[in-house]
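Start from the sequences, fold in the hints, and give me the full structure.
Per this note's numbering, the sequence shown runs over residues 46 to 202.
What the hints contain is simulated information worked out from the structure, not anything from laboratory work. The beta carbon of each residue, even a glycine, is placed where N, CA and C say it ideally should be. There's no promise every hint is true.
Claimed, not checked - Computed spacing ranges between beta-carbons, pair by pair:
| hint | residue 1 | residue 2 | range |
| --- | --- | --- | --- |
| 1 | 182 | 73 | 27 to 35 Å |
| 2 | 192 | 65 | 24 to 32 Å |
| 3 | 187 | 134 | 21 to 29 Å |
| 4 | 59 | 191 | 16 to 24 Å |
As the list claims (entries may be wrong) - Under the rule of at most 25 Å between Cα atoms (straight-line distance), these lysine-lysine pairs were calculated in the BS3-like manner:
| hint | residue 1 | residue 2 |
| --- | --- | --- |
| 5 | 89 | 188 |
| 6 | 89 | 140 |
| 7 | 77 | 158 |
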Amino acid sequence: MEGERSKRKSLRVPVNLDVRFDLVDGSSLRAKIINLGTEGIFVKSAEPLHPGESVGLEFLLPGTLNSIQLVGEVMYSRTNEEEGEDAAYHVAGIKFSDLEEPYHGMIRDYTLKMLDNEELLRDGGILLVLDDLRNLPPEDRLKAYHILIKKGSGPVL
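Dropping the structure here:
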């Protein structure tokens, strides 16, 4: 996972958003987006998604009225057991296949805005954020650094 993170070209932020997947066989699946960036999402679901599978997906960003509708590819999938829980759950990484404007800008702006979120930066989260920022395009990296600098030197960590 560490190596995957260093390859990212976008900031990924933790979220808790509902997403609907439209599968190739015509069925649909609901899941929770655990983290979000302009390259893709990481989701948790009751049903598995399969690597290599193409999926349609739709979700709402907080503070927007329009749904974001994209196509993505399942890059990896695995089953996890919750400690103390009887039920297993599934996680999957989805890479966006067709992220264009205005969706790209909406997701980029939302993830940059999340840099003002104190909880994101606590408990070592700032180190993960800084790792992501190194790979951003220069104009996005500059915006992100300015947001972090404006936060001041108060005790965030």
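Hint check:
1. 182 with 73: 27 to 35 Å: At roughly 34 Å between Cβ atoms, residue 73 and residue 182 fall inside 27 to 35 Å, so the hint holds.
2. 192 with 65: 24 to 32 Å: holds, 31 Å
3. 187 with 134: 21 to 29 Å: Hint violated: Cβ distance 38 Å, outside 21 to 29 Å.
4. 59 with 191: 16 to 24 Å: holds, 22 Å
5. 89 with 188: With a Cα-Cα distance of about 30 Å, the restraint between residue 89 and residue 188 is violated, given a limit of 25 Å.
6. 89 with 140: holds, 15 Å
7. 77 with 158: holds, 20 Å
When held up to the earlier numbered hints, the structure conflicts with 3 and 5 and fits the remainder.
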